[in-house]
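Trainee: If you're matching them up, the sequences are chains A and B in order.
Counting in numbering that gives the first Met the number 0, the first sequence runs without a single skipped number right up to 283 at its last residue.
Counting in numbering that gives the first Met the number 0, the second sequence runs without a single skipped number right up to 301 at its last residue.
Just so you know, these hints were derived from the structure itself, not from any lab.
Any given hint could turn out to be false.
[Said to hold, decoys possible] Covered stretches of chain B, going by a simulated chain A footprint (3 or more residues, C-beta under 8 Å):
id : segment
1  : 53–61
2  : 81–92
3  : 98–112
[What the hints assert, rightly or not] Pairwise CB distance ranges (calculated):
id : chain 1 : residue 1 : chain 2 : residue 2 : range
4  : B       : D113      : A       : E283      : 25 to 35 Å
5  : A       : L278      : B       : K136      : 14 to 24 Å
6  : A       : G97       : B       : S64       : 19 to 29 Å
7  : A       : G194      : B       : Q266      : 42 to 52 Å
8  : B       : P24       : A       : P195      : 30 to 40 Å
9  : A       : E283      : B       : K131      : 20 to 30 Å
10 : B       : H199      : A       : E283      : 18 to 28 Å
[Said to hold, decoys possible] Over 12 Å on every C-beta distance to chain A, these chain B residues come out as not near it, computed from the model:
id : residue
11 : M178
12 : Q266
13 : R277
Glycine included, C-beta positions come from ideal geometry on N, C-alpha and C.
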Amino acid sequence: MTTLKKSLGLRAALLSLLIFAAIVGLWQIAAQPPAASGPAVDPEYAKLVGAAAATGAKSAMPTPADIGVTIWKHLMDPFYVKGTNDKGIGIQLAYSLGRVLLGFGLAALFAVPLGFLIGMSPLVYRALDPFIQILKPVSPLAWMPLALYTIKDSAISSIFVIFICSVWPMLINTAFGVASVRREWLNVARTLEVGPFRTAFKVILPAAAPTIMTGMRISIGIAWLVIVAAEMLVGGTGIGYFVWNEWNNLSIANIVTAILLIGVVGLLLDQGLARLTKLVTYPE
Amino acid sequence: MDRPLQRPLISVEGLARRFGDSNQPAVFENIWFGIDRGEFVCLIGHSGCGKTTILNVLAGLDQPSDGAVIVDNREIDGPSLDRAVIFQGHALLPWLSVMGNIAFAVSSRWPSWDRAKVQDHARKFIELVGLKGAEAKKPSQLSGGMKQRVGIARALSIQPKMLLMDEPFSALDALTRGMLQDEVLRICADTNQTVFMITHDVDEAILLADKIVLMTNGPGAKIAEIVVNTMPRNERHRNDLHRHPQYYAIRNHLVEFLVNRSKAFDQEIADGSYDPRRLKLVKPGLAAVNPPAEVVPLRHTL
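In isolation and in its complexed conformation, chain A is listed as follows (with noise of 0.2 Å):
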């Protein structure tokens, strides 16, 4: 009777698990050469994917067993560069990240004050809405020939492209945390006679971080959605490159490893992110 009574997180972790070995059992079965043996291809066809997989004695989709060598294989070795396009997957996921940070960094030193600013005032507010309302819903990659044009350097586009889809949730966000300040907590700031800068960084900042960093959240979970499809337009260096990359090679095994690695430093992120949220977090 006592298993049956198992906690929540346990029999979660199961089912987790259960799901888990459905999947792969089943990618399994449907990655299996069929019985017969297919009809005739086309040679190009054949020279592309390997001839196993063009007669379809073998399919060019891997198993989960593949998968996992070339993860371990990957994991096992993964800051090699043998090559301009062929480097280790840690360094593309570090050029990546690397990108990333440059460019939400810059978005953060950009954002938080203007969004202080429009917070604390009507007038900017409003003078700077209609920009923000239209640029905003721009999906980022629409500014990367923009910015291939003007910058001339695809590394600092791409960076810009991160830049520009990180600034808008930590812009507003800041903004509304900035504005939403109980009024009674600036008056006591007023009755204290505590000065606009003190107030800003003892009374205002405290109470908008929380929401500052909701903002800060979504604009990370945004640019690490964006720097693959960047990178996959520059091209060079970066997951989204390798991505690219191992299609042209035609190797899915390579691909399945980026897709759950890019799953994986993603849900660091965020969860970095969350963590401090937590820390600034107060209860009221």
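Once you have looked at the hints, place chain B on chain A.
Mentor: Just chain B now, kept in the frame of chain A:
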């Protein structure tokens, strides 16, 4: 009554407040009264008559549409550390501890003090309101009464010339309210603090106040009269307040005002005897002994 001919510590002169454009009727107008040093003055009236607005003007948080408030012979033009406010909803900064909240006020008052000196000073006031041991707690870990104590400690810690309290105990249960009233009474007696407090609790006003300012209903609210609490401070105790010979006379007078006269005051003064600058000082507690309602000018100069 040999008082020096000078303004009281606080002098409210011809105050009016309109919201919206100037055609709108004033919430209150032609408000004149004074508060002497060391005096505890309560303002009572119904919701909507502008009590909180008057307090905010005194605090410097709101601007009057007309008139002025003179403190120490200077017109106030903004908030000041000399006038500490105890807010209705305690208004503690939730991300700071008890010590942090009070230290924030202390270091605002004395920016040159170092950390140790600020904390020593803050600790004295935490002890004064009986919160020793709770210094590191966050407001969310405190009960409503304890939060309000922190608010009181914060206000007292900056050693203001006067305290402004906006229904400070209205959100508390009766037991806690009573305990805090006793403490405020004790602290004010010890420090000879000047206090202006808004309340709608008649008993609270009788327990705490030396003078009770009665405000009529808005719009166009005015001060009807000022009731002098003739029960001496040392005879006011919460537990046997109702046994004091003057208690019911004062209480009935206040309740009668709130229930009937606050609505119909305009008819009452139809004879033209009302002068907002020379308010009647009434002493219902002495009504049995003295003839009723002598006219005493509130303001001694001008």
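Trainee: Decide, hint by hint, whether the structure agrees.
Mentor: Going through the hints against the structure:
Evaluation of the coverage hint for the segment 53–61 of chain B: fulfilled, as 3 residues show C-beta separations to chain A shorter than 8 Å, against a requirement of three. Taking a C-beta to C-beta cut-off of 8 Å, the segment 81–92 of chain B contributes 7 residues in contact with chain A, enough for the three needed, and the coverage statement holds. Coverage of the segment 98–112 of chain B by chain A holds [criterion: at least 3 residues with CB-CB distance below 8 Å; count 4]. At about 31 Å, the beta-carbon gap between D113 of chain B and E283 of chain A stays in the expected band of 25 to 35 Å.
Between L278 of chain A and K136 of chain B the beta carbon distance is about 18 Å. The supplied range of 14 to 24 Å therefore holds. G97 of chain A and S64 of chain B have their C-beta atoms about 59 Å apart, which leaves the hinted 19 to 29 Å range violated. At roughly 51 Å, the beta-carbon separation of G194 of chain A and Q266 of chain B lies within the given 42 to 52 Å, and the hint holds. A hinted range of 30 to 40 Å for the beta carbons of P24 of chain B and P195 of chain A is consistent with their spacing of about 36 Å.
In this structure, E283 of chain A and K131 of chain B meet the distance hint of 20 to 30 Å, their C-beta atoms being roughly 25 Å apart. Under the hint 18 to 28 Å, the C-beta atoms of H199 of chain B and E283 of chain A, about 26 Å apart, fit the expected range. Every C-beta of chain A lies more than 12 Å from that of M178 of chain B, the closest at about 24 Å, which supports listing it as non-interface. Interface exclusion of Q266 of chain B from chain A stands, the closest Cβ pair being 38 Å apart, more than 12 Å.
The claim that R277 of chain B lies off the interface holds: its Cβ sits roughly 32 Å from the closest Cβ of chain A, which is beyond the 12 Å cut-off.
Comparing the model with each numbered hint stated earlier shows that hint 6 is the single one that does not hold.
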